[in-house]
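Here's the letter readout for the chains.
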Amino acid sequence: QKEVEQNSGPLSVPEGAIASLNCTYSDRGSQSFFWYRQYSGKSPELIMSIYSNGDKEDGRFTAQLNKASQYVSLLIRDSQPSDSATYLCAAFFGNEKLTFGTGTRLTIIP
Amino acid sequence: ETGVTQTPRHLVMGMTNKKSLKCEQHLGHNAMYWYKQSAKKPLELMFVYNFKEQTENNSVPSRFSPECPNSSHLFLHLHTLQPEDSALYLCASSQVSRGGNQPQHFGDGTRLSIL
Chain D
1 QKEVEQNSGP
11 LSVPEGAIAS
21 LNCTYSDRGS
31 QSFFWYRQYS
41 GKSPELIMSI
51 YSNGDKEDGR
61 FTAQLNKASQ
71 YVSLLIRDSQ
81 PSDSATYLCA
91 AFFGNEKLTF
101 GTGTRLTIIP
Chain B
1 ETGVTQTPRH
11 LVMGMTNKKS
21 LKCEQHLGHN
31 AMYWYKQSAK
41 KPLELMFVYN
51 FKEQTENNSV
61 PSRFSPECPN
71 SSHLFLHLHT
81 LQPEDSALYL
91 CASSQVSRGG
101 NQPQHFGDGT
111 RLSIL
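Going down the list, the sequences are from chains D and B. Per this note's numbering: the first sequence = residues 1 to 110. Per this note's numbering: the second sequence = residues 1 to 115.
These are computed hints drawn from the structure, not numbers from a lab. Don't be surprised by glycine CBs; every beta carbon is placed ideally from N, CA and C. Treat each hint with caution, since some may be false.
Stated by the list, open to error - Which residues of chain D face chain B? A few of them, derived with a C-beta cut under 10 Å, are:
(1) V4
(2) Q31
(3) F34
(4) G41
(5) L46
(6) L98
(7) T99
(8) F100
(9) T102
(10) G103
If we strip away everything but chain B, and leave its shape as in the complex, we get:
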């Protein structure tokens, strides 16, 4: 069973809806990430939170709004999305330290479809 849990697993929404994706990590990590995975494209980093502080916003449109209330939970709030936003959204966590770059561990993702 994965140490990173994402809900829901599947989400279908209209362009005018508002929904939220949830991620929880049980690994004691201090950094969390949102990625977008579209067909035939590399994983795209969207947001990075390190010790609950956002340290990276990779030019993501404002219709995606992240929230990190603590180092174990991460949300992605969605509103007025476009059809091209349909993709697999992956949450990941890692332990960030001065000693080096530790690998990221992924949740199972939310498959998002925009009608």
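So here's chain D without its partners, still in its complex pose:
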């Protein structure tokens, strides 16, 4: 079974610090990876896409992909209380099937 694994947390990070979220995936052939943010009672919102090995930065967010280790991470710099949410890692297995992890609940402590 093709899977995406995340630590469910909760992960608590002080305001202003760097939050680091990690994800591993089972299908070595996966090419496309996404991070979604989901606030309580809301739908998942896409915040980052990454397709190539290395880092991709967008504002305070950096996604890191290591295909050899089958590992994707999301770094949030200068964490804010508004970053408190559940973060979902997702990977494409096959052309259409986007597989999600269970999500990591992040709490930013003021």
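Place chain B on chain D using the hints.
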């Protein structure tokens, strides 16, 4: 405001009722999806429609019946549901092409409670 609209936002129904969930996407995408989200479980893909044709039925019980009349609208017809079907039902859309896998964009979901 989301480009994917779902109605109703909340639905409470008995096990013998029949109801339908509606989804509409305003993003010009060619694929639409139904997901189920239960507490402490990953998002579960239920159905995929690509160019209005169903391309995936992820072993979903027949009490869930999807309908996709065009690439902008998607329905999920419900009948004789069970208490374990209580969950958040999310609709998503994406642009599917040979060039690569594009991310999916989600609606706000329908919170379904079965009495």
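How about L46 (chain D): closest beta carbon in chain B under 10 Å, or not? holds (5 Å)
Answer holds if the nearest beta-carbon of chain B is closer than 10 Å to that of T99 (chain D); otherwise answer violated. The hint holds - T99 (chain D) has a Cβ within 10 Å of chain B, the shortest such distance being about 8 Å.
Go through the hint on L98 (chain D) and say holds or violated, using the shortest Cβ distance to chain B against 10 Å. With Cβ-Cβ at 6 Å, under 10 Å, it holds.
Given a cut of 10 Å on the nearest C-beta pair, is the interface hint for Q31 (chain D) held or broken against chain B? holds (7 Å)
Report holds or violated for the interface hint on F100 (chain D), using the least CB-CB distance to chain B and a cut-off of 10 Å. holds (4 Å)
Holds or violated: the hint that G41 (chain D) contacts chain B, with Cβ atoms closer than 10 Å. Result: holds, 8 Å to nearest chain B Cβ.
Agreement of hint T102 (chain D) with chain B interface, Cβ distance less than 10 Å: holds (5 Å)
Can we keep the G103 (chain D) interface hint, with Cβ of chain B closer than 10 Å? holds (8 Å)
Per-residue hint verdict: V4 (chain D), partner chain B, C-beta under 10 Å: holds (7 Å)
Hint validation: F34 (chain D) versus chain B, beta carbon distance must be below 10 Å. Holds or violated? holds (5 Å)
The structure fails none of the hints (numbered hints given earlier).
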